[in-house]
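Participant: Could you put the whole structure together from the sequences, leaning on the hints where they help?
Residue numbers (the numbering used here), protein chains in the order written: chain P, 5 to 283; chain Y, 34 to 129.
Source of the hints: derived by calculation from the structure; they are not laboratory data.
In this text, all values refer to a predicted model and were calculated from it rather than measured experimentally.
Even glycine gets a Cβ: it sits at the ideal position worked out from N, Cα and C.
Treat the hints loosely; a few may be bogus.
Here are the computed distance ranges between Cβ atoms for each label pair [stated by the list, open to error]: (1) P:240 to Y:99: 29 to 39 Å; (2) P:21 to Y:82: 47 to 57 Å; (3) P:172 to Y:112: 48 to 58 Å; (4) P:253 to Y:38: 36 to 46 Å; (5) P:154 to Y:54: 11 to 21 Å; (6) Y:84 to P:56: 50 to 60 Å; (7) P:83 to Y:88: 28 to 38 Å; (8) Y:88 to P:173: 51 to 61 Å; (9) Y:115 to P:26: 32 to 42 Å; (10) Y:115 to P:121: 45 to 55 Å; (11) Y:98 to P:211: 29 to 39 Å.
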Amino acid sequence: MPEVLSGIRLLYPPALLLGHEQFIDFNVVVRRGYGPRRWLRRQAIFEFDQEQPFKPLPLDQALPMFEWGLNYLIAGSAHWYLIIHGAAVEKNGGVAILPGTPGSGKSTLAAGLVNRGWRLLSDELALIRRTDGAVAPLARPISLKNESIDLMRGFAPTGIFSPVVNDTIKGSVALLRAPAESLERMAETAPPRWIVFPLWQPEGPARLQPVSKTHAFMIASRNAVNYGILGASGFRLLGDVIDRCACFRFSYHALEDAVAAFEALAAGEHAGDRSDAAC
Amino acid sequence: MSETGGAWYVAPHVLVRAWEGEIVAYNDETGHTHQFLELAAWALERLSSSAMTERDLMVAAAAELELEAAGDLVSSLRNSIALLQGLGLIEASPQA
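Facilitator: Following this line, the structure appears as structure tokens:
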């Protein structure tokens, strides 16, 4: 589909686009629906190994559908990682994992940070390697929703955005290409240093509040999509990650304030940062 | 209280992790993760180090938590033990 191809070319660098002869993890097809749907209320269909894990969506949602489908496949199969539903960004060699439910503002926060010097490791799925607890990059486009689209256009005017798709199940959606440096450093893992649970609020200052490690463990485990599959090894690994990290609840409204709070955190200026960062 | 009066110990299918007086425990038989605070956390952390009878736990709790080994502490500790046992996190060995 040209809509998907042009979106991929816009959002991914040529170096990441592989030829047919190279190894691929998932055999995915996004195509138009057949039959009358080809002309009336046209639809896009996502196929994985010739199966259709999702219902078709309106044709203009093909590109977001491709990205959501990749998330689904990675979350369902990459069990050599502990996968936390959340963003991951890196500064000064330490990773902040930002677990969050949809609407918590984690993608907006991640997009703001990576456009102010932080490196994007991932937007939707933080991948924690089971062998050593390092966070692996998956610097795919950041999925922005509703008001955060215009917000980020103003915050990152040189950013590369996909066209806005309206009336999706998540509202209006646009994809923001990962910054060049994040894409160039896609092979570079980094140790986790902070776990921050973000919550966007309609008003108020940016506020980092330490939370207990057991509380952080429970929330992170609920956001870990394959925690149940990994069983005891997932418990041990998440415990090791929590050991290494300072854990916070973070509420914010203005993105500039949020970035400033994270800059202070990265500089070690927050009193609640008790991590030894000895990863 | 153990029906046999024996020592309580953390079940072999249970993993625990403690931070700052709080604890999380994973039951590998049920797949459930639990968070404990205060007395239940204290008891589970102690039992993860070594098996203890209820009486030993009571004495240790009174000493470490600076409480009187009677009344509320007895009742609270028994409730905590019952809770941990009910969740399959601790088991009792037969009385020697």
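Participant: Decide, hint by hint, whether the structure agrees.
Facilitator: Evaluation of the provided hints:
Between residue 240 (chain P) and residue 99 (chain Y) the beta carbons are some 34 Å apart, a value that agrees with the proposed interval 29 to 39 Å. With their beta carbons about 55 Å apart, residue 21 (chain P) and residue 82 (chain Y) fall inside the hinted range of 47 to 57 Å. Between residue 172 (chain P) and residue 112 (chain Y) the beta carbon distance is about 49 Å. The supplied range of 48 to 58 Å therefore holds. Take residue 253 (chain P) and residue 38 (chain Y): their Cβ atoms lie about 45 Å apart, and the range 36 to 46 Å holds.
As the Cβ distance of residue 154 (chain P) to residue 54 (chain Y) is approximately 46 Å, the hint placing it in 11 to 21 Å is violated. For the pair residue 84 (chain Y) and residue 56 (chain P), the beta carbons lie near 55 Å from each other, so the given range of 50 to 60 Å is met. Between residue 83 (chain P) and residue 88 (chain Y) the Cβ separation comes to about 45 Å, which falls outside the hinted range of 28 to 38 Å. At about 59 Å, the beta-carbon gap between residue 88 (chain Y) and residue 173 (chain P) stays in the expected band of 51 to 61 Å.
For residue 115 (chain Y) paired with residue 26 (chain P), a C-beta distance near 59 Å fails the hint of 32 to 42 Å. As the Cβ distance of residue 115 (chain Y) to residue 121 (chain P) is approximately 53 Å, the hint placing it in 45 to 55 Å holds. Separated by about 33 Å at the C-beta atoms, residue 98 (chain Y) and residue 211 (chain P) satisfy the suggested range of 29 to 39 Å.
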